[in-house]
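**Student:** One line per chain: the protein sequences are L and W, in this order.
Read in order, the letters of the first sequence correspond to residues 253 to 435 in my numbering.
Read in order, the letters of the second sequence correspond to residues 14 to 403 in my numbering.
Any given hint could be a false lead.
[Unchecked claim] To spell it out: a stretch of chain W is covered by chain L in this simulated footprint if at least three of its residues, at any positions, have a beta carbon under 8 Å from a beta carbon of chain L; those stretches are:
| id | stretch |
| --- | --- |
| 1 | 188 to 195 |
| 2 | 375 to 389 |
[As the list claims (entries may be wrong)] Okay, derived cross-link-like pairs now, EDC-like style, lysine to aspartate or glutamate, Cα gap no bigger than 20 Å in a straight line:
| id | chain 1 | residue 1 | chain 2 | residue 2 |
| --- | --- | --- | --- | --- |
| 3 | W | Lys301 | W | Glu378 |
| 4 | W | Lys381 | L | Glu318 |
| 5 | L | Lys337 | W | Asp374 |
| 6 | L | Lys337 | W | Glu378 |
| 7 | W | Lys252 | W | Asp374 |
| 8 | W | Lys209 | W | Asp168 |
Simulated from the structure, these hints should not be mistaken for lab results.
Heads up, the beta-carbon is just placed ideally off N, CA and C, and yes, glycines get one too.
Below are the chains, spelled out letter by letter.
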Amino acid sequence: MQELRIHGRGGQGSVTAAELIAVAAFEGGKYVQAFPAFGVERRGAPVQAFVRFSDRPIRLRSQVYEPDFVIVQDPSLIRDVDVFKGMEAGGIAIINTERPIEHPVPAGVRVLTIDATTIALETLGLPITNTALMGAFAAATGMVSFETLVDALRHRFSGSLAEKNIETTRRAYDVMKAAAEAT
Amino acid sequence: MALEIMEGSIAVAQAVRRCRPQVVSAYPITPQTHIVEALAEIVANGELAADYITVESEFSALSACVGAVAAGSRAYSATTSQGLALMFEVCFNMAGMRLPLVMTIANRALGAPLSIWNDQQDSISLRDAGWLQLYAEDNQEAVDLHYIGYKVAEDHRVLLPAMVCFDGFILSHTYEPVNMLSQEEVDAFLPPFVPKYRLDAASPVSMGMYATPDYYLEFRYETDQAQKRALEVLREVGKEFGERFGRDYSELVESYQMEDAETALVAMGSICGTTKDAIDEMRTEGKKVGLVRLRSFRPFPSEDLKAALAGVTRVAVLDKNITLGAGGATARGAVALEVRDALYGSTIPVLDYIIGLGGRDVRIEDIKKVVALCEAGEGDRFYGLRTEVL
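Chain L extracted, bound-state conformation (with noise of 0.2 Å):
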C-alpha cells in the first residue's frame, strides 16, 4: 500500500484534489481511499487530505503518518506545518513555490517543485492549484496516469471549467515531466 498526504490551506481544493486523484487511480485499477483530516474547513487554515492506494481492498482507518508521497500547495505552510513528518528515504515531495526548498529534508526524500500558482493562475485566472499539483504528481510519481486524471477532471467539472482544468493539468504535467526526468 502507498500514501500520499497534500498539504493546503482551506480554500486551495487539497480535498478535491485528493478525491480526484483517488477516482483516477481507481480507474487505472488500483483500490483507493480518500478523506479529509476531518473539521478543519476555515478558509485559510492549514488543512490534509489523504489518498491510500492498494492492489488489495484498504481496510485501514487511521489517518497517513508515514506516507509515500507529500503534495505541498502552498510554500507558506513549511514555516507552519513539517510537512516532511514521518517521510522516509524513498519518498516524493512536490512542493509548489518558485524558490528552492531551504527547509532540511528528511534523508532519501525526492524533492520536487514546480511553480504552479503562476501555471494556474495563467490558465484559471486564479491562484487554485489543485489540478495542477494532480498533473505533477502524476508525472513525478507513476501513480496516476493522465489519461484517467482527465476522465476524473470530466466527470467532476464540466464546459469550459473542465476544459480549463484540464489544460492546467496538462502544463504541469509536461513541466514536471520534464524536471523529473532532467533530475
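Got chain L; can you put chain W on it based on the hints?
**Tutor:** Quick look at chain W alone, frame taken from chain L:
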C-alpha cells in the same frame, strides 16, 4: 461485481433512493449533512418520488416520519450526535408505536465539550429506545444495511425502526469503491412497505394512546419480543441478500482469524478494519489474536457472541463510548457490559478499553498495545489518556 468510487455519504443517499422512501424528513448536521443534501437534490431532480419535508429541528424531522409511517408510507431520516439527542422522545415513541423506519446515524460524539468528531456515544445512548441498531465496518456494508434494514424493520414479525450506524467522517467523508445495486435488483429484494395498521379515515384507529399500569408492562414486553424475533429475521434477510447479491449478512457477529485465537478483540464499526490489519501483523509475529465484530448491537446477539468466543483465553473489548460511572472504580463501555453479560458464568476474563472518543485517531499500533495490555491482565480503563493535560 462492478465497483464505483464515491463518498460514503453519497453512496448512502444513492442506496436510500433505491429503497424508494415516500417521505424524507431530516435536519442537516455535521457529519450527516452530505447525505441529506444529496437526497434533497435527488428529490428535486425528480429521481425519487418522495415528499422532502424540511423542518426546523431534528425533533420535527423524526416527528414528521412518525406521521408518515403511521399513514402507511415508507420514510427516511438521518442524523447524528446532538441531533439524535434532540430526537430522544420521538425515538421511544416511534419504537413503542411499532413504526418501521430506517435512519442513518453518522456516528459522532456528544457534547459537552462540543465535538464534531466520531465516536459511537450518540446511538449507544439510545440503546433502550427499542430501535434496531446495525453498525457498518465500511461503506459497502453501510450501503447494504439500508436495504436490509428496511426489509427487517418492515417485516411484520418485527415492526421496529432501525438505525444504520456508520462512523462519522471516517466513513461518511471517505471516497472508496462500492458496489451499488441497480434499482431493479433493489426492487426485487425490497417490496413496497405493507403496513400492518395505518391511519385511514375510512377505517379509523388510534395510535400512540396512553397505557394504564394494567397495559404498559405488556407493551414493553411485546417490543422486547419483537427485538428478539428481529435476531432471526436479520439472519434470514441477510442470508437472502447474500444469495441474491453475493454479500452475505446472515451472521450477526463476524469472526476474523478466530480459529485458534487466544486473545479475542470485540468491536463494532470502522475500527474493525484497522483491527483486522493489526491482527494480520500480529499473526505474522506469532500472536494468536482474532476479532469478533458485532454487526448488530440491538438486538444483541448474545448466543452468537458466546459461541464465537468459546475457547479463547481472554477478551479485549474496544468501546467507542463510555457508560459514565459504570464499573465501580474501573471504566466500562456499553459493548463490554453486553459481552460480560453474554459470557456470564464463564471464567474468560473480559477487559474493556475506552478508545477513540471524540475523534481520537486509532492506529494499528494502538490495537497492538491493547492486545499487550490485555495479555498482561490490564484493562477496564481509558486507552491513550494524555495524563499531562489532566
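**Student:** Please go over all the hints and tell whether each is borne out by the structure.
**Tutor:** Now the hints, each set against the structure:
no.: 1; hint: 188 to 195; in the structure: holds (count 3)
no.: 2; hint: 375 to 389; in the structure: holds (count 3)
no.: 3; hint: W/Lys301 <-> W/Glu378; in the structure: holds, 16 Å
no.: 4; hint: W/Lys381 <-> L/Glu318; in the structure: holds, 18 Å
no.: 5; hint: L/Lys337 <-> W/Asp374; in the structure: holds, 17 Å
no.: 6; hint: L/Lys337 <-> W/Glu378; in the structure: holds, 18 Å
no.: 7; hint: W/Lys252 <-> W/Asp374; in the structure: violated, 34 Å
no.: 8; hint: W/Lys209 <-> W/Asp168; in the structure: holds, 9 Å
This entry does not satisfy hint 7, going by the numbered hints stated previously; all others are met.
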